[in-house]
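Once you have looked at the hints, place chain R on chain U.
Chains as they are written, first to last, in numbering that gives the first Met the number 0: chain U, 0 to 429; chain R, 0 to 429.
A portion of the hints provided could be inaccurate.
In this list, chains with the same sequence are indistinguishable; a pair is considered to hold if it fits within one copy or across any two.
[Stated by the list, open to error] Think about it this way: if two alpha-carbon atoms lie no more than 30 Å apart in a straight line, the pair counts; the simulated DSBU-like pairs of lysine-lysine are:
| # | residue 1 | residue 2 |
| --- | --- | --- |
| 1 | Lys17 | Lys251 |
| 2 | Lys52 | Lys65 |
| 3 | Lys65 | Lys165 |
| 4 | Lys171 | Lys220 |
| 5 | Lys198 | Lys369 |
Hints were generated in silico from the structure; no laboratory data involved.
Take a look at the letters that make up each chain.
There are 2 protein chains.
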Amino acid sequence: MSFWDEKTETMKPAGLEKLQLKRLRHIVNYCYSRIPFYREKFRQAGLKPSDIKRLDDVERIPYTTKQDLRDNYPFKMVAVPYPKINRIHASSGTSGKPTVVVYTRGDLDVWADLMARELYMSGVRKEDTVQLIYNYAFFTGGFGFHQGAEKIGAAVIPAGVGNSRKQIQVMKDFNVSMFSSTPSYALHLAEVMDELNIKSGDLKLRVGVFGAEPWSEAMRKRIENSFGIDAFDNYGLSEMCGPGVCMECEEKCGMHIWGDHFLPEIVDPESAEIADDGELVLTTLTKEGLPLLRYKTGDITSFISGGCSCGRTHKRIARIRGRVDDMLIIKGVNVFPSHVEEIIMSFPEMGDSYQIIVSRDRQMDSLGVKIEVNPEIFTGSEVQLRDLRQALERELRSGLDVSVRVELVEPLSLERSAGKAKRVFDLRKE
Amino acid sequence: MSFWDEKTETMKPAGLEKLQLKRLRHIVNYCYSRIPFYREKFRQAGLKPSDIKRLDDVERIPYTTKQDLRDNYPFKMVAVPYPKINRIHASSGTSGKPTVVVYTRGDLDVWADLMARELYMSGVRKEDTVQLIYNYAFFTGGFGFHQGAEKIGAAVIPAGVGNSRKQIQVMKDFNVSMFSSTPSYALHLAEVMDELNIKSGDLKLRVGVFGAEPWSEAMRKRIENSFGIDAFDNYGLSEMCGPGVCMECEEKCGMHIWGDHFLPEIVDPESAEIADDGELVLTTLTKEGLPLLRYKTGDITSFISGGCSCGRTHKRIARIRGRVDDMLIIKGVNVFPSHVEEIIMSFPEMGDSYQIIVSRDRQMDSLGVKIEVNPEIFTGSEVQLRDLRQALERELRSGLDVSVRVELVEPLSLERSAGKAKRVFDLRKE
Numbered sequence: 000m001s002f003w004d005e006k007t008e009t010m011k012p013a014g015l016e017k018l019q020l021k022r023l024r025h026i027v028n029y030c031y032s033r034i035p036f037y038r039e040k041f042r043q044a045g046l047k048p049s050d051i052k053r054l055d056d057v058e059r060i061p062y063t064t065k066q067d068l069r070d071n072y073p074f075k076m077v078a079v080p081y082p083k084i085n086r087i088h089a090s091s092g093t094s095g096k097p098t099v100v101v102y103t104r105g106d107l108d109v110w111a112d113l114m115a116r117e118l119y120m121s122g123v124r125k126e127d128t129v130q131l132i133y134n135y136a137f138f139t140g141g142f143g144f145h146q147g148a149e150k151i152g153a154a155v156i157p158a159g160v161g162n163s164r165k166q167i168q169v170m171k172d173f174n175v176s177m178f179s180s181t182p183s184y185a186l187h188l189a190e191v192m193d194e195l196n197i198k199s200g201d202l203k204l205r206v207g208v209f210g211a212e213p214w215s216e217a218m219r220k221r222i223e224n225s226f227g228i229d230a231f232d233n234y235g236l237s238e239m240c241g242p243g244v245c246m247e248c249e250e251k252c253g254m255h256i257w258g259d260h261f262l263p264e265i266v267d268p269e270s271a272e273i274a275d276d277g278e279l280v281l282t283t284l285t286k287e288g289l290p291l292l293r294y295k296t297g298d299i300t301s302f303i304s305g306g307c308s309c310g311r312t313h314k315r316i317a318r319i320r321g322r323v324d325d326m327l328i329i330k331g332v333n334v335f336p337s338h339v340e341e342i343i344m345s346f347p348e349m350g351d352s353y354q355i356i357v358s359r360d361r362q363m364d365s366l367g368v369k370i371e372v373n374p375e376i377f378t379g380s381e382v383q384l385r386d387l388r389q390a391l392e393r394e395l396r397s398g399l400d401v402s403v404r405v406e407l408v409e410p411l412s413l414e415r416s417a418g419k420a421k422r423v424f425d426l427r428k429e
Numbered sequence: 000m001s002f003w004d005e006k007t008e009t010m011k012p013a014g015l016e017k018l019q020l021k022r023l024r025h026i027v028n029y030c031y032s033r034i035p036f037y038r039e040k041f042r043q044a045g046l047k048p049s050d051i052k053r054l055d056d057v058e059r060i061p062y063t064t065k066q067d068l069r070d071n072y073p074f075k076m077v078a079v080p081y082p083k084i085n086r087i088h089a090s091s092g093t094s095g096k097p098t099v100v101v102y103t104r105g106d107l108d109v110w111a112d113l114m115a116r117e118l119y120m121s122g123v124r125k126e127d128t129v130q131l132i133y134n135y136a137f138f139t140g141g142f143g144f145h146q147g148a149e150k151i152g153a154a155v156i157p158a159g160v161g162n163s164r165k166q167i168q169v170m171k172d173f174n175v176s177m178f179s180s181t182p183s184y185a186l187h188l189a190e191v192m193d194e195l196n197i198k199s200g201d202l203k204l205r206v207g208v209f210g211a212e213p214w215s216e217a218m219r220k221r222i223e224n225s226f227g228i229d230a231f232d233n234y235g236l237s238e239m240c241g242p243g244v245c246m247e248c249e250e251k252c253g254m255h256i257w258g259d260h261f262l263p264e265i266v267d268p269e270s271a272e273i274a275d276d277g278e279l280v281l282t283t284l285t286k287e288g289l290p291l292l293r294y295k296t297g298d299i300t301s302f303i304s305g306g307c308s309c310g311r312t313h314k315r316i317a318r319i320r321g322r323v324d325d326m327l328i329i330k331g332v333n334v335f336p337s338h339v340e341e342i343i344m345s346f347p348e349m350g351d352s353y354q355i356i357v358s359r360d361r362q363m364d365s366l367g368v369k370i371e372v373n374p375e376i377f378t379g380s381e382v383q384l385r386d387l388r389q390a391l392e393r394e395l396r397s398g399l400d401v402s403v404r405v406e407l408v409e410p411l412s413l414e415r416s417a418g419k420a421k422r423v424f425d426l427r428k429e
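Chain U on its own, in the form it takes in the complex (with noise of 0.2 Å):
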């Protein structure tokens, strides 16, 4: 049995249609009913909800931004009464305002359903140990996992960030079999487990998922190598409910958007049209607490063609490349950091943690890598250094087209983080 529900996971695609269009004129109605907010945004669009009539035209709905969230804060784009809220997360808000979240008893029950959906797709069962290493304080990260393990009825252990020696000693001891983090986080876990000599043998690890990050294929052979773990990519994001949205297969090809809650478009950033290829743009259908239409998620990604030979029938998207705002524009070329990790990660030389460095020189703009070499493969002879540091430079400039300063740096030089790594600077901006 490799599905939670395999009903719903598995429903004919007519079908699967037949009722994201019940449900996307019930949500319509739902949030011009209660959201003063989305009946001005209907009324200047010279829209009313029974417009809608198919599924696309969802297409007439005019986007939500983030910037609605940070306008309507705290409350004024929540579509129940206070009393009927059981949960307030809220984005850590780098700028000003925290990006806030509520939940209703329902939307709990849903999003740890969707999270035990595909915590099953990656293999975990009541018998697992599961340890999460991520913030429970505000964040959805921790909650979300751990409301789906708990649901499937494993151990979980909300192990939080941070403290690495404790975290590996506790998958050592407490015969941990699945573990969850952001990738950067895993590989520097991985650092923590060569000090301590223990290896992957020494555990009982079997599974990991990893998200809220970028990160390439390179970098899931590295997780796996380190750990001994099938690992898989997860995605979500806190205005929809946290991660939930979707979640590779075993086919690991593309992830799974839940259809039956999520209406997922791709648009292009700059036109705002249609596009294959572009930012997610994602509709909740069941949200009661805080329902969006078309909320642009910032997120770039393509939709995968074709079934997939796993039996789910959930529309597919590739790996997110990146954010809208985090595209590099170097010399009129569009760079994303996701793509210059896959190219470096490609060299077994290289080490897990890298940065990239964009400055303007007399109006040029000039893309730089520093890059750890990787201690048990490089010898440190300056002629190796010096191969090593033109043939990165070549594969960076053909795949990317744009030419990339490399500079190599020794192992453990570069600053660690426990959450999401800082990985671009971008000195044009100072």
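Chain R in isolation, oriented as in the chain U frame:
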């Protein structure tokens, strides 16, 4: 309606004792048959489960200590097969291995219900917005309160610890009506409110529940005045479940221990004999995952005699005065840090932060306190400083029966902590 579970909370003492005996006999059999550690303890004591015939036969059972938990790290005292475990928490483990606590689904349900009982007793209802300022990583505090508030149906904000300005912003912007933290962190938050020029009248707070460290009646008054709330004392320990063991009712005259789940005793910490005042010993009556018989908590308290006018029949204990290993013996006199605090806090001229410093000078113990003055009341004149110092030294000597050096320091000059405050510095041990 002031009861979450009226039938249980107000059951007649004879009925409660009958239930306790039934459950005690069950748990003794359960431990004996499932946990080799207990079988061996019973064998050494020449005791059989069938010897437990009356409630006070519990006194024949050997004690269980924290050292026993350490010796059986991580799972040797667990009573269920691994797939029955649904949650694992672990103490911070400052010295060596952490103390592990495991829960079955049933244990988690009981825990949530006990916390709902307590929060309901403090006045939390489903209309409330509850900000939980506790760590959720490994620690039982965050989850204990979270699950109880969720069960009541309140809006729960899992706020975590730290980032005090954001905590206050959330309190204000999200209409928080109840919060929970350590008492020392609550006082720190009150300072931050002052910095931000936010008054208690700007907030919707009604209730606060505080615990995880000893605090005094005077500290309660300060917290209540700073936030304009009703402040309740709460006590628990991870070995029992976390918070959820006992709490104050509206009478604020001792904490009701939930006798349907925990059988309390008080023993002399030195002689280990039953006593009126001393170390709290608890037997879990219903725990499935990690049941403990006669667990020495290390916490010092006493029973409060007589019925409680709230109508609850569960035995009350006085606020925790300190830990067995915290008790300071100064020139042969037992001094509890909580008593020092109580005397300090009775002076309105004193601030909220203080340190107790024990040192040894030519074989003689000497007790000192460093206290921040309260800038709102204190004018700063040399004469006032000297008079104040002398008055406090007089009070401390008469209250504690030992002489104490007092040093008054500037506001905000002592270190703050987001978790349990470190108040005692025993330099004799260094």
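Cross-check of the supplied hints:
no.: 1; hint: Lys17 x Lys251; verdict: within (27 Å within a copy, 58 Å between copies)
no.: 2; hint: Lys52 x Lys65; verdict: within (27 Å within a copy, 66 Å between copies)
no.: 3; hint: Lys65 x Lys165; verdict: between (37 Å within a copy, 20 Å between copies)
no.: 4; hint: Lys171 x Lys220; verdict: within (22 Å within a copy, 46 Å between copies)
no.: 5; hint: Lys198 x Lys369; verdict: within (28 Å within a copy, 49 Å between copies)
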